[in-house]
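If you read the sequences in order, they're chains A and B.
In this text, residue positions in the first sequence follow the numbering used here: the first is 42, and each later residue adds one.
In this text, residue positions in the second sequence follow the numbering used here: the first is 329, and each later residue adds one.
None of these hints come from the bench; they were simulated from the model.
It is possible that part of the hints are untrue.
The calculated DSSO-like cross-link candidates involving lysine-lysine, where the alpha carbons are at most 30 Å apart (straight line), are [said to hold, decoys possible]:
1. 450/B x 258/A
2. 670/B x 258/A
3. 192/A x 743/B
4. 192/A x 742/B
5. 724/B x 472/B
6. 450/B x 264/A
7. 229/A x 472/B
8. 180/A x 742/B
9. 332/B x 80/A
The following residues of chain A were derived to be distant from chain B, with all beta-carbon distances above 12 Å [stated by the list, open to error]:
10. 136
11. 149
12. 168
13. 214
14. 244
Each pair of labels, with its calculated beta carbon distance range [what the hints assert, rightly or not]:
15. 80/A x 576/B: 28 to 34 Å
16. 193/A x 739/B: 36 to 42 Å
17. 246/A x 517/B: 38 to 44 Å
Beta carbons are placed, not taken as given, at the ideal position from N, Cα and C, and that holds for glycine.
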Amino acid sequence: MDRRKSIKSIILGSVAGGLVVHGCKPEAGSAEAELGALKTDEHYFGRTQEELELIEELNAKQFFSAHELETITVLSNLILPPNEKGGIAEAGVPEFIEFMAKDMQDLQTTMRGGLMWLDHKTNTEFGTEFKTTPAEHQKQVLDTIAFYDAKMPMDEHPLEIQFFSLMRNLTLTGYYTSRIGIEDLGYKGNMPNVWDGVPQDVLDQHGMAYDEEWVAKCVDQSKRGVIAEWDDEGNLLT
Amino acid sequence: MQIKESPTVYDAIIVGSGAGGGMSTKVLADAGLKVAVVESGPYFDPADPKQQTQLKWPYESPRRGAGTTRVFGEWDMAYGGFEIEGQPYTQKDGTKFEWYRSQMLGGRTNHWGRISLRFGPKDFKHKDVDGLGENWPISYDDVKPYYDKVDKLIGVFGTKEGLPNDPDGFFLPPPKPRLHELYYIQGARKSNIPVIPGRLSMLTKKINNDRGVCFYCGQCSRSCQVYADFSAGSCLIFPAQKNGGQVDLYVNSMVREVTTNAEGKATGVSYINKEDRKEYQLKGKVVVLAASACSSARILLNSKSPQHPNGLGNSSNVVGKYLHDSTGSSRAGFIPGLMNRKVSYNEDGVGGMHVYSPWWLDNKNLDFPRGYHIEVWGGMGMPNYGFGFNPNEFNKFFGLPTGGYGESLRADVKKYYGSVLGFGGRGEAIARKDNYCEIDPTVVDEFGIPVLRFHYKWSDYERLQAKHMQETFDELIHNMGGEVLGDTPTKENDYGLHNPGNIIHEVGTTRMGDNPKTSVTNEYQQLHDCNNVFVTDAGPFVSQADKNCTWTILALSWRASEYIVEQLKQQNI
Numbered sequence: 042m043d044r045r046k047s048i049k050s051i052i053l054g055s056v057a058g059g060l061v062v063h064g065c066k067p068e069a070g071s072a073e074a075e076l077g078a079l080k081t082d083e084h085y086f087g088r089t090q091e092e093l094e095l096i097e098e099l100n101a102k103q104f105f106s107a108h109e110l111e112t113i114t115v116l117s118n119l120i121l122p123p124n125e126k127g128g129i130a131e132a133g134v135p136e137f138i139e140f141m142a143k144d145m146q147d148l149q150t151t152m153r154g155g156l157m158w159l160d161h162k163t164n165t166e167f168g169t170e171f172k173t174t175p176a177e178h179q180k181q182v183l184d185t186i187a188f189y190d191a192k193m194p195m196d197e198h199p200l201e202i203q204f205f206s207l208m209r210n211l212t213l214t215g216y217y218t219s220r221i222g223i224e225d226l227g228y229k230g231n232m233p234n235v236w237d238g239v240p241q242d243v244l245d246q247h248g249m250a251y252d253e254e255w256v257a258k259c260v261d262q263s264k265r266g267v268i269a270e271w272d273d274e275g276n277l278l279t
Numbered sequence: 329m330q331i332k333e334s335p336t337v338y339d340a341i342i343v344g345s346g347a348g349g350g351m352s353t354k355v356l357a358d359a360g361l362k363v364a365v366v367e368s369g370p371y372f373d374p375a376d377p378k379q380q381t382q383l384k385w386p387y388e389s390p391r392r393g394a395g396t397t398r399v400f401g402e403w404d405m406a407y408g409g410f411e412i413e414g415q416p417y418t419q420k421d422g423t424k425f426e427w428y429r430s431q432m433l434g435g436r437t438n439h440w441g442r443i444s445l446r447f448g449p450k451d452f453k454h455k456d457v458d459g460l461g462e463n464w465p466i467s468y469d470d471v472k473p474y475y476d477k478v479d480k481l482i483g484v485f486g487t488k489e490g491l492p493n494d495p496d497g498f499f500l501p502p503p504k505p506r507l508h509e510l511y512y513i514q515g516a517r518k519s520n521i522p523v524i525p526g527r528l529s530m531l532t533k534k535i536n537n538d539r540g541v542c543f544y545c546g547q548c549s550r551s552c553q554v555y556a557d558f559s560a561g562s563c564l565i566f567p568a569q570k571n572g573g574q575v576d577l578y579v580n581s582m583v584r585e586v587t588t589n590a591e592g593k594a595t596g597v598s599y600i601n602k603e604d605r606k607e608y609q610l611k612g613k614v615v616v617l618a619a620s621a622c623s624s625a626r627i628l629l630n631s632k633s634p635q636h637p638n639g640l641g642n643s644s645n646v647v648g649k650y651l652h653d654s655t656g657s658s659r660a661g662f663i664p665g666l667m668n669r670k671v672s673y674n675e676d677g678v679g680g681m682h683v684y685s686p687w688w689l690d691n692k693n694l695d696f697p698r699g700y701h702i703e704v705w706g707g708m709g710m711p712n713y714g715f716g717f718n719p720n721e722f723n724k725f726f727g728l729p730t731g732g733y734g735e736s737l738r739a740d741v742k743k744y745y746g747s748v749l750g751f752g753g754r755g756e757a758i759a760r761k762d763n764y765c766e767i768d769p770t771v772v773d774e775f776g777i778p779v780l781r782f783h784y785k786w787s788d789y790e791r792l793q794a795k796h797m798q799e800t801f802d803e804l805i806h807n808m809g810g811e812v813l814g815d816t817p818t819k820e821n822d823y824g825l826h827n828p829g830n831i832i833h834e835v836g837t838t839r840m841g842d843n844p845k846t847s848v849t850n851e852y853q854q855l856h857d858c859n860n861v862f863v864t865d866a867g868p869f870v871s872q873a874d875k876n877c878t879w880t881i882l883a884l885s886w887r888a889s890e891y892i893v894e895q896l897k898q899q900n901i
């Protein structure tokens with residue numbers, strides 16, 4: 042019944058990892074042992090019943106046609122081509138965009154209208170739908186809509202530029218919120234660890250240093266598991 | 329439909345389970361009293377894997393963290409928001425009050441910023457300094473012992489600084505600053521703005537054997553599964569139950585009114601059970617309202633009887649008046665020095681600022697009263713919905729094109745990752761009688777309970793304070809070698825002053841005082857008009873201070889609850 046996954050394996054790479062290297066085991070009841078006991082359950086993601094029902098309701102609908110989704114996939118791959126880690130498909134970007142079109146319905150007309158614009162443009166210029174147009178010609182079209190004037194509000198730009206900007210935003214956010222995108226970015230957090238300051242090489246890179254007086258007041262992480270006690274003046278004794 | 333009465337007579341009925349209600353529950357239950365806690369939302373325990381959002385990845389949700397159903401993003405651990413379906417509120421005279429409600433065990437404490445600042449000696453007597461607002465009937469010395477107890481019970485990190493109006497406490501040691509915070513410290517010092525370690529209620533060190541220690545995921549807004557942050561459920565109500573306290577939880581129960589008898593004394597509360605939509609009554613010797621400043625005012629105003637024709641506790645006509653929120657104005661900057669960062673390490677830290685600036689100036693030399701503190705944010709956060717939007721927008725600062733497509737976007741995202749630093753100025757507004765909430769006689773919610781109508785306007789005191797915030801933020805960003813993002817707010821948009829309510833520090837609606845004609849409660853938060861009803865949320869606040877309100881809610885609730893125990897023992901109520 043217990044389908045929970047222990048995070049122990051994850052933190053063995055961080056907190057406890059350091060201890061393992063030094064040949065120590067986390068003491069029972071210590072802060073490190075507690076981290077090892079952390080659990081999450083990947084079958085849940087914190088939704089209320091009503092929120093789950095909304096997601097099911099949205100998933101039961103289909104907004105984009107097969108042709109539109111194929112076009113989105115082609116476009117997203119042009120926006121962010123795959124690398125050795127994978128790309129749009131592995132990150133689930135087309136599915137994400139389909140979901141967001143239903144979740145944020147005010148995006149629908151811009152997206153659907155923009156897709157029609159793309160097909161119209163390539164049909165007019167090359168006699169083909171966008172998705173089957175050769176990459177070289179696809180890029181010729183994109184070059185006309187992919188750049189925007191940062192001094193001007195986006196909603197004052199022509200629709201096709203707004204459309205492309207929206208597709209670029211959704212493609213990138215879909216990619217970088219995926220497992221492979223987060224790995225590609227290199228984000229190291231969202232797991233138990235012990236923060237003990239900026240690494241020296243990073244401080245050096247930025248020409249920064251810790252103030253000794255300041256650091257002296259900060260937590261001594263070797264004593265984080267010791268219960269706090271104070272004297273009557275509020276001076277920490279432990 | 330018959331109202332269903334429970335035969336039990338509780339020593340105390342506590343309405344609401346956030347900071348104020350949680351603390352009342354703990355103090356009253358620990359004293360051996362039999363209490364009922366009536367909460368409008370569901371049961372919540374951050375250790376329950378079904379409810380947890382902590383340590384979830386964005387890809388675990390099809391919307392990748394977008395805020396469609398929760399205004400601060402779908403991992404935020406508050407059930408509610410500025411709008412709740414079926415529970416409207418209305419506005420008067422073009423007012424734009426934003427009322428945030430979190431309906432669940434623990435209330436808003438499940439997602440709050442944990443910034444835990446004591447009010448200082450001046451904050452309780454500020455009228456003596458500048459002639460504005462009103463003094464509290466109590467002083468810092470009256471509250472200090474309770475602040476001390478709150479520090480030791482719940483835990484707050486910080487450092488002893490000896491500042492006159494930002495009193496020190498019993499602190500846990502703070503975490504070291506993150507990289508962007510080092511930039512901030514450097515930038516602030518150039519303008520002689522003091523920076524000290526943050527004061528937040530997270531356990532950087534063990535405080536007892538029932539709660540874990542912070543493991544630095546930076547997600548306190550998701551409520552901590554090892555109870556290393558302060559949430560009212562995990563730190564007050566569960567421990568009260570564990571101590572063997574007689575605590576009956578009534579969840580999904582929306583209190584309609586306080587019931588009273590022919591002598592005008594409270595006999596209990598009536599509430600709507602959200603599940604069967606029927607009305608019930610609970611009986612108690614004492615009623616403690618802690619539903620949030622505005623919700624408690626609403627309950628009092630809706631509790632009309634022949635003995636209390638103007639609403640309970642409202643013979644003064646002051647219930648709902650003097651509503652005030654913190655002022656807030658925000659700004660962000662792009663810091664080129666924070667470009668091309670090494671992503672070799674995890675800098676999530678605690679869920680909030682490791683450093684901040686308490687108010688540092690003398691208002692005698694300024695064109696506005698009262699101060700503000702500066703909150704700082706930034707860093708290489710976890711991507712969620714919105715990450716990667718306009719990935720090379722900052723190219724504009726280098727005269728490079730913005731937009732495009734292809735492999736270069738990947739490089740742009742990495743180049744600018746973690747290069748934005750932002751500020752929130754949070755300050756003190758002057759409490760005024762003409763900022764208020766009242767009952768809207770034309771609208772009820774889906775439970776048939778008349779709703780609140782707001783009337784709240786900022787004055788030049790607050791606008792000029794926001795102007796000062798913006799000028800300070802500009803200067804700080806330039807000190808850090810940065811570029812300010814967005815247009816500088818002007819007079820036309822109140823210098824970026826957030827709408828009232830938006831900072832979610834509603835206080836003042838049942839203010840305390842010695843004079844029953846000009847205040848709703850006495851210094852023990854007991855209604856002048858009805859001695860067995862108390863208010864332990866932020867309603868009794870006379871003023872807000874340039875601090876956040878939670879630590880003072882906790883200290884005052886403890887003080888009021890001890891008084892309740894004593895008064896019950898002496899059979900005075």
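Hint-by-hint comparison with the structure:
1. 450/B x 258/A: holds (27 Å)
2. 670/B x 258/A: The hint holds at about 27 Å.
3. 192/A x 743/B: holds (21 Å)
4. 192/A x 742/B: holds (23 Å)
5. 724/B x 472/B: violated (52 Å)
6. 450/B x 264/A: Violated - the C-alpha atoms of residue 264/A and residue 450/B are around 36 Å apart, more than 30 Å.
7. 229/A x 472/B: Status violated; Cα separation ~41 Å.
8. 180/A x 742/B: holds (24 Å)
9. 332/B x 80/A: Violated. Residue 332/B to residue 80/A sits at ~42 Å, over the 30 Å cutoff.
10. 136: Nearest chain B Cβ is 8 Å from residue 136/A, so the label is violated.
11. 149: Since the minimum Cβ distance to chain B is about 14 Å, residue 149/A lies beyond 12 Å and the statement holds.
12. 168: holds (23 Å)
13. 214: violated (5 Å)
14. 244: Answer for residue 244/A: violated, closest chain B Cβ roughly 8 Å.
15. 80/A x 576/B: 28 to 34 Å: holds (29 Å)
16. 193/A x 739/B: 36 to 42 Å: Violated, at about 25 Å.
17. 246/A x 517/B: 38 to 44 Å: For residue 517/B against residue 246/A, whose Cβ atoms are near 21 Å apart, the range 38 to 44 Å is violated.
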